[in-house]
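Which chain is which? The protein sequence lines are A and B, in order.
Residue 224 in my numbering sits at position 224 of the first sequence, and the numbers go up by one each step.
Residue 94 in my numbering sits at position 94 of the second sequence, and the numbers go up by one each step.
Certain hints may be false.
[To be verified] Here are the computed lysine to any residue pairs in the SDA-like style, where the Cα-Cα straight-line distance is at most 25 Å:
hint: 1; chain 1: A; residue 1: Lys129; chain 2: A; residue 2: Ser196
hint: 2; chain 1: A; residue 1: Lys319; chain 2: B; residue 2: Asp85
hint: 3; chain 1: B; residue 1: Lys78; chain 2: A; residue 2: Val314
The hints are simulated quantities; they were obtained by calculation from the structure and are not laboratory data.
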Amino acid sequence: MEPSQKPQQAPQGARNGTASPLRTVTLAAERPLRLDCGDDLGPFTTAYETYGRLNEAKSNVILVCHALSGDQYLRAPPKEVADRPGWWEPVVGPGKPLDTERYFIVCVNVLGGCMGSTGPKDTNPSTGKPYGLSYPLITVRDMVRAQSLLLESLGIEELFCVIGGSMGGMQALEWPALYPGRVATAVPVASSARHSAQNIAFNEVGRQAIMADPEWHNGDYLLHGTRPVRGLAVARMAAHITYLSELALQRKFGRALQDRTDFTYGFDADFQVESYLRHQGVTFTDRFDANSYLYITRAMDYFDLAAEFGGSLVDAFKKTTTRFCVFSFTSDWLYPTPESREIVRALNAVAANVSFAEIETDKGHDAFLLDEPEFHKTLAGFLAGAARHHGIRAL
Amino acid sequence: MTGGVEAPRVKLRADLSIVADMVEGGSRVLDLGCGDGTLLDHLVHRKNVDGRGIELRQAGVNACVSRGLSVIQGDVDKDLEVYPDDSFDYVILTLTLPAVHRPKEVLGELLRIGRRAVVSFPNFGFWRRRLCAAMGRVPVTDPMRHHWHDSPDIHPCTIKDFVRLCEDLAYVIERRVVLDRDGGVAGLIGRGPLANLFGETAIFLLRKT
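Chain A on its own, in the form it takes in the complex (with noise of 0.2 Å):
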């Protein structure tokens, strides 16, 4: 007998190989994912981390799915991979709102990322060079897809959650309409079910500020030995600023200048806020790749879950079983509420099981990121609730 290519129960702590403190499994071996744009993608690697174990029932799962500079690390990663806090420390843990004591909790690198999933810097096995710009356009219904082999890999049909805040809540969404009857509960968080023309917007001058360093190549930049970093660096100051809210922004900085008492009469960062933006570009550069940056940004431009239904969000959610709870919080100017109240009219619209929360908070976009008790609460307790109903118990 041929031994089960599916393991039963999800590796605990184990890694594939020794090399690489990443945990990764290889996908698509057999038969290549057919990618939206026409493409077929295959064998390729996905990264992954799981918390909490597995329950007998396999009725515990909640799938994390990150944004777009994010990871698979909700939660500190190795050290040997990073010596930096996971992503959301606030919301993952024993006794967290996604209760690590409760839940099975598994967080994937999405397709086209580069923290260990297959991506643009990786080798193209038809040419024995960095993909680069010849790695596929990617969307998130690409993205779900591959998030669903990785699960099948471990043995998982069906989740009990999936959440995840901006581009993951995108994917939060595109799961439970991809595939109707697999997921119990859906958490989308300060998301949209389509990017604006504002994003669309903010995305491309990210994507300009890379394709206009010289450095970068044509994308071919692994092949010269370098890296776009001044490029990414900008992409990532702009895109920060959209993260924040103004009030955020003046309370923290203000007009107050970076160790000196008067202007330099000069462009270096005599403004805290300059130096801060600096910082966060350049910090950004050192983990996160410009093809990917490229490549995910467009994933997002091109969502539209309404589009993939024939132009009705409602049909997206027709004979839905999902119970969603959608949270936006009033200072985010980049996901605004009516664009969560817009997915929780369609949901109306077909009597699906939904609860909507707007977060009183001056933190702006990345309000989901941080420490906001209200919303923790509220995600904790809806959590707790849908469990109660699932039957699922602490483990």
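Fit chain B to the supplied structure of chain A, relying on the hints for placement.
Chain B alone, transformed into the frame defined by chain A:
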């Protein structure tokens, strides 16, 4: 944190308990103006209904969601049109009717979305409120909390007014319960013509003809 949000099960207020009694167990219910979710929580956990709520105040919404209830922020006057016909067995509107902008239209929406509607409202024909008016003061639902200038009551009505509106809309009144000042069911008086004088709160179970 996740384990400790089970809502305390307090005894329901008299009027809410009568509303709850009118709802069949296991049915689909939409509670409009559900506040902090007291009634909805009771219906979901004690009567096993598939319950949803709409609440205007965000603080109320968040309180409901954090106790595990499916509630959205919304305005009863504006946000009902999106729901499909007959999507609920019961649509409930407790003590909110005088506060809505278009009571007739809202009532129509209740019985479009729901097969039945449960509506409770403060009876402005109640003798104390009449007395208040006779003394030259505008009556309000709750004089302990509100004055004429800050009361949410923009469309006060009496039991007589409400019955007439139901007749106009050709709705069938399946049940009617009238509560006296202390929240007790006004038995004989509640059923007779004096209900409009002695009933403080009225609760109606309606359906379409």
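Against the structure, the hints come out as follows:
no., hint, in the structure
1, A:Lys129 - A:Ser196, "violated (35 Å)"
2, A:Lys319 - B:Asp85, "holds (15 Å)"
3, B:Lys78 - A:Val314, "holds (19 Å)"
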